[in-house]
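Number of protein chains: 2
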Amino acid sequence: MPHIPLRPNFFLRRRYLPFSVLLQPKFIHAPSFLASELDISSPTFMIYGSNTGVGKTLVSTGIATSVLSASEPSHCVYVKPVQTGFPDDSDSRFVYRKVLEIFRTGKPRGIFASNRVLKASREVLRAATELTEDNIGEGLGFSGPCHYEETVMGNGFGEEKGYKLICLTLYGWKEAVSPHLAVEREGMAVDDSLLREELRSWLSVSIGGQKDEKVAAWRLVETAGGVASPGPSGSLQCDLYRPFRLPVILVGDGHLGGISATISAYESLKVRGYDIVAIVLEGRGLHNEISLLSYLRNGVPVCVLPKFPEEPSNNLIDWFCESSKVFSSLQEVMLSYHRKRTQRLHDMREKAVDIFWWPFTQHKFVSMDGVTVIDSRCGENFAIHKMRSNKEMLVSQFDACASWWTQGPDAVMQSELAREMGYSAARYGHVMFPENVYEPSLQCAEMLLEGVGKGWASRVFFSDNGSTAVEIALKMALRKFSLDHGLMNFENENSSGAFEIRVLALRGSYHGDTLGAMEAQAPTSYTGFLQHPWYSGKGLFLEPPTVLVSMEIWNLSIPDCFESDNLRKDDLHFCSYGELLSRDRDSSAIALCYSSYISNKLLEFAASNPQNYIGALIIEPVIHGSGGMHMIDPLFQRMLVGECRNRRIPVVFDEVFSGFWRLGHESAAELLGCLPDIACFGKLMTGGILPLAATLATEAVFNAFGGDSKLVALLHGHSFSAHAMGCAAAAKSIQWFKDPSTNINIEHGEGRLIELWDMKLVRRISSFLAVKRVVALGTLIAIELHAKGTDLGYASLEATSLVQQLREDGVYMRPLGNVIYLMCGPCTSPLFCNQQLVKVYRRISEFSEAWI
Amino acid sequence: MPHIPLRPNFFLRRRYLPFSVLLQPKFIHAPSFLASELDISSPTFMIYGSNTGVGKTLVSTGIATSVLSASEPSHCVYVKPVQTGFPDDSDSRFVYRKVLEIFRTGKPRGIFASNRVLKASREVLRAATELTEDNIGEGLGFSGPCHYEETVMGNGFGEEKGYKLICLTLYGWKEAVSPHLAVEREGMAVDDSLLREELRSWLSVSIGGQKDEKVAAWRLVETAGGVASPGPSGSLQCDLYRPFRLPVILVGDGHLGGISATISAYESLKVRGYDIVAIVLEGRGLHNEISLLSYLRNGVPVCVLPKFPEEPSNNLIDWFCESSKVFSSLQEVMLSYHRKRTQRLHDMREKAVDIFWWPFTQHKFVSMDGVTVIDSRCGENFAIHKMRSNKEMLVSQFDACASWWTQGPDAVMQSELAREMGYSAARYGHVMFPENVYEPSLQCAEMLLEGVGKGWASRVFFSDNGSTAVEIALKMALRKFSLDHGLMNFENENSSGAFEIRVLALRGSYHGDTLGAMEAQAPTSYTGFLQHPWYSGKGLFLEPPTVLVSMEIWNLSIPDCFESDNLRKDDLHFCSYGELLSRDRDSSAIALCYSSYISNKLLEFAASNPQNYIGALIIEPVIHGSGGMHMIDPLFQRMLVGECRNRRIPVVFDEVFSGFWRLGHESAAELLGCLPDIACFGKLMTGGILPLAATLATEAVFNAFGGDSKLVALLHGHSFSAHAMGCAAAAKSIQWFKDPSTNINIEHGEGRLIELWDMKLVRRISSFLAVKRVVALGTLIAIELHAKGTDLGYASLEATSLVQQLREDGVYMRPLGNVIYLMCGPCTSPLFCNQQLVKVYRRISEFSEAWI
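Going down the list, the sequences are from chains A and B.
Numbering-wise (the working numbering), the first sequence opens with residue 1 and increments by one.
Numbering-wise (the working numbering), the second sequence opens with residue 1 and increments by one.
Chain A extracted, bound-state conformation (with noise of 0.2 Å):
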């Protein structure tokens, strides 16, 4: 059985510039350092084969004749990004060619044609020696490795004026053979992101003269091969042009098996995210097109073309004239599908903002223009919808908040969980989950223990998001509690009310919106009788000393009501996060102030409050996310967890945000160095696609749910528990994210993250003046600004206009008040990591000038 190692995939091939040389004005001014962008004003298509030979470019001159020859004509640009076999094979010769032909016997009409190639390998370069001027082009010659004709038809015109057939060949290699085997024999490798910026120059040249600028120009790209074919680098052509997303013309097949071709090559299109616009196919009298529109649902038009003529070197222009109705109806089709889908483009911000209810959102302060038309995701950037100059554009936007600290995908990883994702729902749907077991579920779960929970949870409870998780925790833990702590026989008592249990939690930390979720976290503006009247506040609630950088130093700020007197500067400051990781802490003065600040706190509402308890621990390891992306000391957290230990007090981790390499470890609680009875995971748990949430629990935890009757269990459950898809997701996303050969940030042996932003860098940020501190740990980076005037917190503006201009440079950011931040997924290469890192330098750097 041939085993064959890995061709080294373009998106995995990664390099790590120092910022210093990023810094260097040529990365700044690089392209890929702007957004990106698209201009798709004008008709532009994709025409994908169904297989090779299936007639790609007969259709291409179809469409293009059709377009330069329409009532209300426009100009045409051909593109063919690789070609092999050249120049005997050239599709952009042959449309260039057979268009003026057309021409030429039908009706006359101003045409400007030309015909390029851009770059050819060094095989058609030798044999070009050897051309004569019969098999190159009409009396132009072969310039270098590129080869240049054109041809001005009709009376009195020169180039401005009528109307221009733009033809284009970008790569040229000789053998006739798959793009990538040519590369392999002949050289002139090409990188994937080279080839779509030179295509997407070449889609957003302008060809109208000063009087055409009203006609639209055409755009056509037309493929290599069929739609899983190799292209120059080896990634699949539809994967390759995949960040355009253009929409598709599938030439289809009408040869007997072409049926099942012709659906195939549309489903690998289609989960790739690919909009078809039209099936084109030879018909060939087996009705093929009758079962792709049952297939279809008639939701795609198919249309069918005359049989090509036998012999294709044939002159073509008789079968060119039958089929022109097909053409022109095929034209009008994308045409429609053009304007509808522009016009929906720009109705999409006006019905949003009419119907929708956003979450966290005052609607009266967001305008039309702030809304953000998303297109579509390609891994870690968006493609927004944008008006530039009066064009239609599609810009591209790093998804900077990850989509609410959710996203861990790059564009590969994301292609195979759509895959999955249709497996999972062809195979599965979804099927309920008490008493059953299946596939997904049981290697979720099976992950999960062997990963997160490895060394203290056996138990699995799904759920489906992090609050529910966490309500689901407190029923585990204050359950675990009343029967440690013999409370399970004063049920009928208590229902005077005679005592109650509370939580242990910090302020400032956050375990979701649900009222169960809500009574965990210490009062806030997000808590009172406004937001929830029922909210109550169920906990005895501490102040944690926090952890940054600022000016360059790790340094520790404990809260005054702590007794730090003896405490010496020393103490307070740190030259690296792993000092401040150090076990040696554990037996400073710090901790002696920690563990008495807890021990008072503790004996304090002992005393104030004889009837009550507290029944649980809650904390969210390391860093406070949506509190403002605050660090805590990992020495409180682990001191607190040994106070509550000690007093058989059951802990609760809420690591829905922090679980998943997002803070650089598989779990959170490898950094703070000690474990929970319980613990919450979500968000990148699914690698960010979908929801799904679990709650794990050691073995003591759920035998406290055993026993003889079915009311003593747990009796907390939401219909789509280990919903099959999500559970599917999470343990291709975990072990993708776990695996070296897919994940090249895993430090091999480690199983942790390197560091994905240069700390110089980091550094360097803190140093600034506007700049009160820094938060650089795996996968996040967070900066908060000083404010002027009064710390608004939450609903401060500080950070308007660093965002807006972040989101010009491509950064999706949304503040969390004052403080901004860039999450990337645990595959997120280091490089382009630092180059928006490198924007926000740049950016806060003028902030900051003009912040003095």
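The set of hints was computed from the structure by calculation and includes no laboratory data.
Don't take every hint at face value.
Said to hold, decoys possible - Simulated DEER-style distance windows between Cβ atoms:
(1) R185(A) <-> N298(B): 16 to 26 Å
(2) M387(B) <-> A176(A): 53 to 63 Å
(3) E72(B) <-> L711(A): 53 to 63 Å
(4) T342(A) <-> G707(B): 31 to 41 Å
(5) S389(A) <-> N298(B): 44 to 54 Å
All residues carry an ideal CB built from backbone N, CA and C; glycine is no exception.
Starting from the known structure of chain A, fit chain B onto it as the hints suggest.
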């Protein structure tokens, strides 16, 4: 542009048989009434081709030879369900003859081989009269429609000894076209379910003699054409054979363009839930296998065969000899896959019991045998793993609890949803919602407002499940009430608990398991200290009057606390459900009785709780689901809504269970004949494939959150708010359910479902002595059994034996205490529904006899 009427699909062709017919013995004992079972003890595989002509039959022959000649040989059954071009082409004849030839030239071994064709079209028969010995077989005749030939090879043994090769063609057509065209031209239409039934029976046939029982018999099923080529009915083969979900050997394509064709075929299988065990392809010097392995990340083995001989009619023996190593390693891969799969199916139960924490489950009561291993679902049915007389079986069971009331799709819809999920994940993954808009979120919101929100709602707030949707609804309602009743300024005052706002709700209703939703339900054993120490019951809970069918009559049951002395007997009985819904009842004596009960309760509350307000009404319209499938008198709920309107108390409908045709109407509000201010939806909304919930509200409710501060906005949200896949699934599902062209159960013009359960049969069930009451409405039929002795309600085990029997009949049921129920999807065929109902009828009939 051709627009062709849809070919009637086998799934859409439905008949409606009256129950009297269904109760006839021939129906009761028809195969479709028994749980359909597939024996997977032996290695059983499907051979699919990435296109026509890629060598499927060569591969089948190679595997069969390898199986029969292995060091531990096995029998081999080869089935070609559909053959066109017959008898000139006959793949089963090819396999039969080539295997014999190979054995003749190679190592001699005892073999009994046969080949038969079961049915042939009239064109085949007509031509058969002209057949000569030469072109049909080795001296064995063509008998009637069937063709049979056999050979015994080796020394001194008969059929009982040696290894058997049994080759079969189920159906043969003469013309060499796609099967669906052959049917059109030659007749012999074959229904998909019939074809599957025949295939299933041949896959289950036992072929070993007594001595040979331990010899496994491999089974190979070779499809026709490509993976998505149509079968005889026009259904694509990958859909047609999907209910078996046999592991697949995919024969790939080694030609230029073959990478694309193979990957696309692979993906078509994947997004239908198939597992592909290996890809086999002809090596043609292009090394397509390298690209394939890279794409597959080495997850699926790729076997490369020597180049096929140029002239296929050649004697191929040399080629087979050359290929034998490839086939024997392929066979190893297949065998190891088979063993691993079987082993995993066995291990899953134990692992599940070991690491899962199932919701609502007392684990102590779950025996290992009680755990159901679900291999897959196809439409309304699970395929579950069972052992039967030492054989591994996959048994089909109707998911009668609709997986906690979530499920809607039939097999066709599930397949379409799966592709939609792949598309949506590839296009969007998940993108964040606030201040953004993307197509699925907008489309879903539009469809909700045009459907369930029509005439009242203008805003959509998305969340993750019914429980969160209810918490959000309560926050909305309480804010609106506070604003309308001048309580907004009391915020500071109320931090001292000066007053409390409660909800009005009905006893027995249920709104979710998170604390806020729990607070809106009356105290039960679910809400006690044992389950949630923080529950306090923030409601005024009324007793509702219920409706039930018993002894064939609709009866009203009014709680004792009502002043019902004035009611006549006639007021309490109804001939039909329509009568019950009539608005004439609004002015009846019962209406007066209801109204005085409600007013008195509200007055009592105000008198005894002077500091408290009733700030919202929350009800489950028409049916209390979890409370035991009780139907509430719609008149009572309508009057309740009216009374609250009069007092400016916002009205919330919890339609998480009742929405989207679950009760026959798109919204259950239509049944009540009144509208809410706020309503919650979930479960069936996504077709039941994914968690997603929505809270709809009027503009007046929305406006209660407008203001000059973000802190006045609704500060509640979940990470996956309006996640793209959920919204896409919802938009697709609602459209599918609503459209008569996809859902034949929709009454044209009415938008509601036809009757799915035969009402005569329902009445007959209601007349059994063991039956206390029946509720049948829309997709639901619930049957409450009389309790023997004390009624234990939810903890009752009354139904246990009945449920066990029905599971044996292929109905997967979970009782709610002594209430059993069936729940189909909005597009499930009434024929299927009645088949299931007849099973229930039969079992309850027996149960009732025993009960007396």
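Consistency of beta-carbon spacing, N298(B) to R185(A), with hint 16 to 26 Å: Since the Cβ atoms of R185(A) and N298(B) sit about 25 Å apart, the hinted range of 16 to 26 Å holds.
CB of M387(B) to CB of A176(A), is that within 53 to 63 Å? holds (56 Å)
Beta-carbon spacing of E72(B) to L711(A) - inside the hinted bounds 53 to 63 Å or not: holds (55 Å)
Between T342(A) and G707(B), does the beta-carbon spacing fit 31 to 41 Å? The hinted range 31 to 41 Å holds for T342(A) and G707(B), with Cβ atoms some 36 Å apart.
Quick one: are S389(A) and N298(B) within 44 to 54 Å, going by C-beta? holds (49 Å)
Hint violations for this structure: none, all hints satisfied.
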